[in-house]
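*Asks:* The primary structure of each chain is shown beneath.
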Amino acid sequence: DAGVIQSPRHEVTEMGQEVTLRCKPISGHNSLFWYRQTMMRGLELLIYFNNNVPIDDSGMPEDRFSAKMPNASFSTLKIQPSEPRDSAVYFCASSLGWRNQPQHFGDGTRLSIL
Amino acid sequence: GESVGLHLPTLSVQEGDNSIINCAYSNSASDYFIWYKQESGKGPQFIIDIRSNMDKRQGQRVTVLLNKTVKHLSLQIAATQPGDSAVYFCAENYRRGGADGLTFGKGTHLIIQP
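Residue numbers (this note's numbering), protein chains in the order written: chain A, 26 to 139; chain B, 15 to 128.
No lab work stands behind these hints, which were simulated from the structure alone. C-beta: ideal position from N, C-alpha, C; glycine also. Be aware that a few hints might be false.
Said to hold, decoys possible - Far from chain A, by Cβ distances over 10 Å, these chain B residues were calculated:
id	residue
1	I48
2	P58
3	Q59
Said to hold, decoys possible - Not the full set, but computed from the structure, chain A residues with beta-carbon under 7 Å of chain B:
id	residue
4	G67
5	L70
6	P127
7	G131
8	D132
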């Protein structure tokens, strides 16, 4: 079975550039989550969607970050403009239902902002 | 004093022995808990979950124990194998501001020695 698919796996770009991370959730899952992992702060929830609708974006660090889910099989996380402190591994996860269900993670996008 | 970055606790176990990884969770209203395993360069992988109306749940070679009185969660891995070497995270789910989200612990690095 295909798991959560994220692209790209690695991204290196200069500060000020726009970065777009992509995620394809597991087919049939109706909840999607974006996380960020850093050595300083560990795993942090940024935003999550249920049935393509954003439910909680309180974890999004600032207005430079935005996320969309135009359909059930695709989501993007965009950073514009990017800054060096955005360097991290960004994970997407999906689950069947948004409450008390195991979330299944992709292998992440390792983002480096120079 | 405060450490710079996440200084993960490390548990070193001989191959074939049982291991116990502990986790203290923060919110007494949390009603769902998950254990994840993360190998280098990969996303967190779901191991086992437990709801707050239970105090024990068993899977294949793994057992999760929940003590709500002291807000403590543990993961027991029987007959550890080299492939069990990874960072293990506990996560709790509770409702905040009308929305749900997983909050992850800082993780424990499990090392299996031959």
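*Asks:* Against each hint, give a clear statement of whether it holds in the structure.
*Replies:* Now for the hints, and whether the structure bears them out:
1. I48: I48(B) is in fact no farther than 10 Å from some Cβ atom of chain A, at 6 Å.
2. P58: At about 5 Å from chain A, P58(B) fails to clear the 10 Å cut-off, so the statement is violated.
3. Q59: 7 Å, violated
4. G67: 5 Å, holds
5. L70: 5 Å, holds
6. P127: P127(A) check passes; min Cβ-Cβ to chain B is 5 Å, inside 7 Å.
7. G131: 5 Å, holds
8. D132: 5 Å, holds
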